[in-house]
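Chain by chain, the residues:
There are 2 protein chains.
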Amino acid sequence: MKTDIEIAQQATIVPIKDIAAKMALTEADFDYYGKYKAKLTYDKIESLQQEPDGKIILVTAINPTAAGEGKSTVTVGLGDALNRLGKKTMIALREPSLGPTMGIKGGATGGGYAQALPMEDINLHFTGDLHAITTANNALAALLDNHLQQGNELHIDQRRVVWKRAVDLNDRALRQVVIGLGGPFQGVPRQDGFDITVASEVMAVLCLATDLQDLKKRLSRMVIAYNVEKKPVTVGDLGVEGALTLLLKDALRPNLVQTLEQTPALVHGGPFANIAHGCNSIMATKTAAKLADYVVTEAGFGADLGAEKFLNIKARSGNLKPAAVVIVATIRALKMHGGVGKDELNQENIQALENGLANIKKHVETIEAFGLPYVVGINRFTADTEAEIAALQKWCETHDIPVALTEVWEKGGEGGLDLAEKVLQVIEEKENQFHYLYDDADTIDEKIRTIVEKVYGGASVEFSSQAEKQLQQFHALGWGSLPVCMAKTQYSLSDDPKRLGRPEGFTIHVRELKPKLGAGFIVALTGDVMTMPGLPKVPAANKMDVDEHGNAVGLF
Amino acid sequence: MKTDIEIAQQATIVPIKDIAAKMALTEADFDYYGKYKAKLTYDKIESLQQEPDGKIILVTAINPTAAGEGKSTVTVGLGDALNRLGKKTMIALREPSLGPTMGIKGGATGGGYAQALPMEDINLHFTGDLHAITTANNALAALLDNHLQQGNELHIDQRRVVWKRAVDLNDRALRQVVIGLGGPFQGVPRQDGFDITVASEVMAVLCLATDLQDLKKRLSRMVIAYNVEKKPVTVGDLGVEGALTLLLKDALRPNLVQTLEQTPALVHGGPFANIAHGCNSIMATKTAAKLADYVVTEAGFGADLGAEKFLNIKARSGNLKPAAVVIVATIRALKMHGGVGKDELNQENIQALENGLANIKKHVETIEAFGLPYVVGINRFTADTEAEIAALQKWCETHDIPVALTEVWEKGGEGGLDLAEKVLQVIEEKENQFHYLYDDADTIDEKIRTIVEKVYGGASVEFSSQAEKQLQQFHALGWGSLPVCMAKTQYSLSDDPKRLGRPEGFTIHVRELKPKLGAGFIVALTGDVMTMPGLPKVPAANKMDVDEHGNAVGLF
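Going down the list, the sequences are from chains A and B.
Going by the working numbering, the first residue of the first sequence is number 3, and it counts up by one from there.
Going by the working numbering, the first residue of the second sequence is number 3, and it counts up by one from there.
Quick caveat, the hints were computed from the structure, so don't treat them as lab data.
Please note that a few of the clues may not be correct.
For chains that are exact copies, the list does not tell them apart, and a pair is met inside one copy or across any two.
DSBU-like cross-link-like pairs, simulated, lysine-lysine; straight-line CA separation at most 30 Å [claimed, not checked]:
#1 LYS219 with LYS539
#2 LYS90 with LYS37
#3 LYS232 with LYS545
#4 LYS500 with LYS516
#5 LYS57 with LYS456
#6 LYS19 with LYS89
#7 LYS292 with LYS37
#8 LYS233 with LYS539
#9 LYS545 with LYS46
#10 LYS219 with LYS545
#11 LYS90 with LYS46
#12 LYS37 with LYS19
#13 LYS363 with LYS323
#14 LYS545 with LYS233
Please build the complete structure, drawing on both the sequences and the hints.
See the structure below:
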């Protein structure tokens, strides 16, 4: 069996201008980044504004397990399948972060015969967007610490600096640090910490900005500290929003690539859905919708995280209305939710599967609560038995849940035809009553309670004393009307990663709130979730190499 | 008077394929990075190995002052002038670092009518090389700290980790930090620090590597720590040289751009010459020499730093033999060396000029000591008076020093014709007896003494007790045959930045030695020189912005 990178390296990849031509884009409409990657120009994006909008199909999933779900794989395969059905389709994915790539997860460009290409470029530095974000984030930190050092005219309380530094790596030793040591010429000593770049507010700002001017306004609003009077200090107060915008001016332009079946794909923006809002950029999604009749896009992790944030935050910010949702599930992951260990997944186990169905049921209810048509997509793995698949299909039929088996990993777009047809059918036949789950006018705690009750299926919310104080403070500062971006483990509907399946009666523990005024939301940190991952004992990096022809080895 | 960025933005820039065509490069030989930047392919570089080598002209300078010398400007203008004289010429420059760009220095692509284009891209993220270097550097740090956290099989002494993290920014608050705080799940607490990326060993490795396999070997040799038995631990011991090579596989490919007069330029590698070896990459210099008959390249700061390292380190490592050297001087800077303050530079002051000539005299003697033909290039500024220029020219003639006035800032290549002719003349007429100033077999302290005496004109070297111990240790470890990379202030021939002109009888204080086995040299830190700069009270970033068309504002 070939590995993903072998399939990718042996694939026929065509010059990006040929992919662009499928969407009537000429060489004047983009800049090359190598032969197979391009960035669209602002002029072209602006010129598309009068075009009608294509239909947006959002791909989400059940709660992920160590068994893998293949959401990106299904997203790519569904796009390829829609094109096979003669529908003019584009894909809109997120950019991978080097942290997980070098850590444990591997790449994020799909798998098998449903991949985005050039796989190794996208999984490494790509067009440099994440590096530009890291740089803007850290330039701001350096400028802030320099302000402290050079007289501190803004009277920033050095104990109340909230802006953190960032690296696009899994580096747990940087979670909590002390900087500015060494005496009066080496800065002002203070506690600091690093987040992974994809969790940074600059990443969220880039993903939610609608153009360069909006980007600048959002950057200007970012809260970086509080002054000695406990008033917020913003980037605008520091006067460096222009420099940060300059650093991000190319990163904001969506990146065009292709799938193995030469479906055009915009891969742009890459926040994690557990600790950030988890969706690709509004610029990319909207541009894809202008260029194509159908856009297949994904939101990270399960529907409790990425999809909730897509629908409550990104859709609100970008005025987007999805046409349908695909909920990806695998037999293997459902069996894990049903209590089977990772080592026993290759054995048929109908009982475990049926026990695990509660997890998918919750996500179906969530999408129904948003008023959206949906299809459950079963992402077939080789070890799945006919009896298991039949049991899942039967359960879906019993509950009147539209379902399709996909074999895109093995067969590419051909393996996604059934899913594509079902998706087109629900778009056609089912009523779309899309609405947000909470109103802007709800208080921050009301919004959190709504998400916990309607999306997670939890019983209650407990705020730490710090979070209680912050609720009061944030409302007093007039930030109460912002949506909430929940930071929660992806493994469970609850905030305890060990509670698989469909836990009930649980409490969500909000330990801290963070104002992200540039992104336009309030982050609520729950449970023990961390904004900087660590590396495993044997990182994926240990297997990576370059062969004598300069090709990547050990990326997967 | 137009600013540099106005001149750059109003210039006629041609598609990079037309520039490539001048060197007989086709679209198969490079990858586009936008319309005006390209990276050469490894295949093409390899195919050039049988071609004869062009002549290398090294541009250096007197000790820089706040008044500016314009070494990059002269490098670009000289290349343009040689092309005007019908000589097939390429330029090989270093990539700018964002630290100084956002701090005080501004861009590093020349000035006036002698600039490399696209100026704003090169000065911002360019093709991402520096970001790849930062990422490789910090991925290694994360992998090392993860090794400590996950059982420390290599028995690394956490107090003796020598690998530092890096950012490509001026961020003094990161010079001395403590990481790994927060308890047993957040890493192993230890002292750490950040260098600016351009001072990192990864940057040096990239600039000295001759191909991808050599890069990997060098990365593997880098010393990252000592174990509990005080034995060195390398990247190879950690087993991650493959992953680092993968992260750098595109960064090692030279970048092709153009000057305002459409001279092809390879801009690649960007170490600082005060705290690193300060030359562009061997890959770029050698490739340019294969493609062109003349290559004009620069080494950073004064001849005591960049040129010394070009000639003792880079030339040795890459087996290069320069044909001639240009020593750039300005009337203004010589007056500063002669005792005039920055505010009085616009007034004619022959006496101060004559006092300052001692500085240029020392650098002339240095280049003579290396056995190389040279020309002094006077980089004319508008406030220079005829009497001042005549005095400088007369002094050169009296001392039999070849000299040429250049007006490339104002007139482009046309303003460099006299210098170009003089350079061609010394190549033709003068004897080239190029030799290194010390032998591999000399001890580390002998090498340092040689540099101090023959290049700086100092009287003695004082080693701190730490440096004394390190000398013994490094010789015992068999590292004594490596060349030495001096880290010293650029402002003075001594290690005291306030001693301008030509100080004599001074002692150089070596406070610490650092093994850089991947780069293949030993760094000697002298005086108070720091490997992470700070930002000024009002950073250049405060003036930067993007206009409504997405163009850079405030880059200079």
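Tested hints:
no. : hint               : verdict
1   : LYS219 with LYS539 : between (42 Å within a copy, 25 Å between copies)
2   : LYS90 with LYS37   : both (23 Å within a copy, 29 Å between copies)
3   : LYS232 with LYS545 : between (49 Å within a copy, 28 Å between copies)
4   : LYS500 with LYS516 : within (26 Å within a copy, 47 Å between copies)
5   : LYS57 with LYS456  : within (26 Å within a copy, 73 Å between copies)
6   : LYS19 with LYS89   : within (20 Å within a copy, 37 Å between copies)
7   : LYS292 with LYS37  : both (24 Å within a copy, 25 Å between copies)
8   : LYS233 with LYS539 : between (43 Å within a copy, 23 Å between copies)
9   : LYS545 with LYS46  : between (41 Å within a copy, 29 Å between copies)
10  : LYS219 with LYS545 : between (43 Å within a copy, 16 Å between copies)
11  : LYS90 with LYS46   : within (19 Å within a copy, 39 Å between copies)
12  : LYS37 with LYS19   : both (8 Å within a copy, 13 Å between copies)
13  : LYS363 with LYS323 : within (23 Å within a copy, 73 Å between copies)
14  : LYS545 with LYS233 : between (49 Å within a copy, 25 Å between copies)
Violation of the numbered hints given earlier is absent; every hint is satisfied by the structure.
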